[in-house]
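*Asks:* Now for the letters of each chain:
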Amino acid sequence: VSADALPSWSDLLALVERLEHGDFEDFVVEMPGLTVRVSRHGFTDTAVAGAAAAGAVPATATPGAEPRLSDSARPEGAEITAPIVGVFYRRPAPDQPPFVAVDDEVSVGATTAIIEVMKMMVPVEAGVAGRIVAVLADDGDLVEFGQPLFIVDTSGAT
Amino acid sequence: VTTVLIANRGEIAVRIVAACRRLGLSPVVAVSTADRDSLGARLADRSICIGPPSPAESYLRADLLVQAALNAGAGALHPGYGFASEQPALADACDENGIAFVGPRAETLRLVGDKVSARLVAQRAGAPVAPGAAVDDEAGATAAGVGVGFPLLVKAVHGGGGRGITLVSDPEELERVLPLAAAEARASFGDGALYLERYYPLARHVEVQVFGDGVGGAVVFGDRDCSVQRRHQKLIEECPAPNLSPATRALLHDSACNLARELRYRGAGTVEFLVDTQSVSDPATIVFLEMNARIQVEHPVTEEAFGIDLVAAQLQLALAQPTGLPDRVHDPAVHVIECRINAEDPFAGFRPTPGRIVRAEFPRGPGVRVETHVYDGYVFPPYYDSLVAKIIVRAYDRAAAIDAMQAALANTVIDGIETTRALHQHVLQKKAFRDGGVPTSWLETAWPPQVAL
Chain A
1 VSADALPSWS DLLALVERLE HGDFEDFVVE MPGLTVRVSR HGFTDTAVAG
51 AAAAGAVPAT ATPGAEPRLS DSARPEGAEI TAPIVGVFYR RPAPDQPPFV
101 AVDDEVSVGA TTAIIEVMKM MVPVEAGVAG RIVAVLADDG DLVEFGQPLF
151 IVDTSGAT
Chain B
1 VTTVLIANRG EIAVRIVAAC RRLGLSPVVA VSTADRDSLG ARLADRSICI
51 GPPSPAESYL RADLLVQAAL NAGAGALHPG YGFASEQPAL ADACDENGIA
101 FVGPRAETLR LVGDKVSARL VAQRAGAPVA PGAAVDDEAG ATAAGVGVGF
151 PLLVKAVHGG GGRGITLVSD PEELERVLPL AAAEARASFG DGALYLERYY
201 PLARHVEVQV FGDGVGGAVV FGDRDCSVQR RHQKLIEECP APNLSPATRA
251 LLHDSACNLA RELRYRGAGT VEFLVDTQSV SDPATIVFLE MNARIQVEHP
301 VTEEAFGIDL VAAQLQLALA QPTGLPDRVH DPAVHVIECR INAEDPFAGF
351 RPTPGRIVRA EFPRGPGVRV ETHVYDGYVF PPYYDSLVAK IIVRAYDRAA
401 AIDAMQAALA NTVIDGIETT RALHQHVLQK KAFRDGGVPT SWLETAWPPQ
451 VAL
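Top line first, the protein sequences correspond to chains A and B.
Read in the working numbering, the first sequence has 51 at position 51, and its numbers run on one by one without any break.
Read in the working numbering, the second sequence has 223 at position 223, and its numbers run on one by one without any break.
Derived from the structure by calculation, the hints contain no laboratory data.
For each residue, glycine too, the CB sits at the ideal point set by N, CA and C.
Hints are all accurate, no fakes.
Pair by pair, the computed Cβ-Cβ distance ranges are:
(1) A/G140 to B/G98: 16 to 24 Å
(2) B/G377 to A/G156: 40 to 48 Å
(3) B/G147 to A/V122: 51 to 59 Å
(4) B/G126 to A/T111: 54 to 62 Å
Only pairs whose alpha carbons sit at most 20 Å apart, straight line, appear in this in silico EDC-like list of lysine to aspartate or glutamate:
(5) A/K119 to B/D92
(6) A/K119 to B/D95
(7) B/K234 to B/E444
(8) B/K431 to B/D397
(9) A/K119 to B/D63
(10) B/K115 to B/D191
(11) B/K430 to B/D397
(12) B/K431 to B/E444
(13) A/K119 to B/E57
(14) A/K119 to A/D141
(15) B/K234 to B/E418
(16) A/K119 to B/E96
(17) B/K431 to B/D403
(18) B/K115 to B/D136
(19) B/K234 to B/D435
One chain only, chain B, in its complex shape (with noise of 0.2 Å):
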């Protein structure tokens, strides 16, 4: 029997564990210190414990969760998602070591998280990107400013995390902008050099799932639609995209299929997009933003969509055995989505709200699903991320599935700390969110409520 080590926690190491059941694998999960009492060790086979809480000594040590893999007799290490799931060096280390990692290559995994390269990459597949230009010198930066169009980001190459970025509404504007930009680049990223790019202020979040066999060849099981957010954080997902034209939608599978190819891409991934909404053409315009090479925390909503388990997929494809997907594809005739309960208090400011859950209790029915990591007791800890429940819905049609959601809702109780389910409430009976297709910056204007709930 092949053990398969699971180098994460939390839900996503719960759904691992049923993706080892299922096809008789021996799953071990590793764990901190604060995770030795966890549903994923509990369900595991064994734990492994690898350092104390703080992720930087535990979660994201690659050495330290291979060590594990090594002390485990396993075969298999699932990164699962964040930590340490897109680090070069953990697929190095596996390789190394004779593990097999599930995910991408490491080259592949280099290639599409820095955003220089993977832009490039994209362009090269032929995806559509954010017109955009390097800033050489300050003089020349109005006229490429002109080029791009507006409004635009000023963005420091070498930024990251969603920092060094400055919106910019016309010319004179830019010119005020550049030399403040380049200074600021300078003192945090030790580096002035500047990038100009498009700016889409009521744009649609939009994703393709894409799944690869490593050698050339791809397959996509439909978009998903993540445009409820809050500060690039997805509160809620849906399949398929709702009122995207059949042109559009077929713009956007190719480009993300092209790309996997282009990569030669291994296992499940994620080609994300921005949907323009102010765009009048057929297909609408469509711009690359990234690919997230591992599987996503709402991969669920596919998984409903299209009667597939992309996670046992992308253990069998690591362990060279078929992956039980369909070769062919059809559209689906459901309607998925997907609500993430957060251990936050949406009414005080999205506080973090860790601490101990004295009752949980799920939605159960036809096509309701639930993926969590905690139960009766649990204590939420502070030092992980706030994801405390995913409950997913499938039903015949959209507004099928909203209502659907809204009694999954009204019968999922959290008691001892405050979450997000509130908001979930609020935004599902709210008008545009049924006409369904609002952009990224709609969450903003419907919550908090105007009136008091």
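So here's chain A without its partners, still in its complex pose (with noise of 0.2 Å):
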């Protein structure tokens, strides 16, 4: 792609000042060579946070107030991760309802799950108080250590 290809800067300040009567939080603009994110509350993405600190970009850039477009799929929150390598299991015995699911509050210290090890059950302890957001492993899932199992939304926390 020439340069001659690409919008101006003009080009991308009036296409800006379009959409902002619009009801937009963010978009994001893909051109061959070029990429442009505008969003009303920032991203946490650093390449796009340093552009608008460079003044780049004409967005309320604000970095860490909201999610990451890419990583929409997965919420924000602390994570609970594997203790030891094992066999990840949710429920205390297979007829037994797990010990969390999504939405449920946990506190510190609370037995999120267990993983087996050599016949030995290892709990898997909340490190954080706060909400479920995301199981990230399934019953009998093959675990290392440090492997991510749930995402916590601390946010609302006391």
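Starting from the two chains in their separate frames, assemble the complex, guided by the hints.
*Replies:* Structure, rendered in structure tokens:
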């Protein structure tokens, strides 16, 4: 793509002005060789934040306030990770309900799952208090040390 | 395709990956969080994180290693050297879970892992052991000491790791030392039992490579001289050991082979001996030290001398396949030397030097082999042993091998951290080393150098 094919800054500013009165939280314009992302509430992405800080993009960027667009499938929050390598189980026994499910509140030290390592059961304790917003492993999964298992929204915790 | 769980790290993990590739096996390496980006992890088909950097929470944990093997669906587990490699619990756990342990049986590990039982089985196999005597009471100790001969070592029976050992040079000193040694043994190991063992101040460390079929057959693949040591840490190894009479070499090989057969030893093992340089007899006085029931750091020296792949042979034996080793072994027509490049500063008391290796260049050419896990930009971690690389050269005779090693070291560049390279360059040009057959105490007279390098 030659430089001539790229829109000028005034083209971009005109675009932003036209969209500003629309009902958008944020938008992304992709063209060959150029991507412009604009948000009313900012991105956590450092490249965009850096560009915003330099004044290159006329947006009200406040880094860290919103989830990243690319990570929309995985909610933001604190991770509960596997304390040991082994087999992941969400429930104390096959016929019992899971220790925790999405939207459950957990307190620090609460058992969220168990990992079986060589016939020993190791509890997976919550290191933070909050609301479970995602479960990242399935019953019977073989997990590694440090693997993220749950995501906890800690914003409502006192 | 059979998957092999590699329960180790560093250069030996890379080495085992290479053996797996040779055999068409699928290597999976167990890693701590410190080794996620290691070369072994990159070269393997997969890595499984088993714990934090501390070996006590990762590489030393038999339960985590076997669990990783189960997670990987592994049919075999190779323990490498060090860490859990000689833990009977690891071999047992593999057996219980239907995983082939690439090493000797657990019972063999128990037998040779204990000083007293190892010595007994060596004696039973007819291997010479150092004269020794248990000390029942202090009154009889002097007579026992005279029977053993001076100088001798007073050892705590239940001691270990080099602790609880006192050197005694005559009967008067023995009488003076005994009550103190017994009290120290009681305080440190909960038992005052003592053992006297003859000490050889000017001995060489010569070891014999054996490979047993597990049912009573064993083959010897020559010997290695590992006498250039610092505090029992081997720095240079060579094959064959120089300046041994045919009778001494035969005694070493036969003793090792008989021990392996006595044990019905399975796989690769090393029998370590002292060779007394003050001995005037032929064969010279040799004494059994210990058996290392694993592949050893210096195994490439033997591989290059004999044209074999010991790690592949270990894996094949564990998987009940032909090992690929020769039935008849000929004396090597070459000489092989290995230098261990460690992340230590030889000019500052061998202080460990972890940190970022900004540039790593290794020698190339005929007869040159390098075993390493480091690369440009690798951050050498502080948690594990200091081995950076093994430089191995092979030439038509010993003098040519030393010259080839000098050239290889001159073409080895490790920038960013201090290493032991300069020590090797210094040692290789010393007359005593070039003459061959230095004792284990020699290096401390040769390093630090008398004149600034």
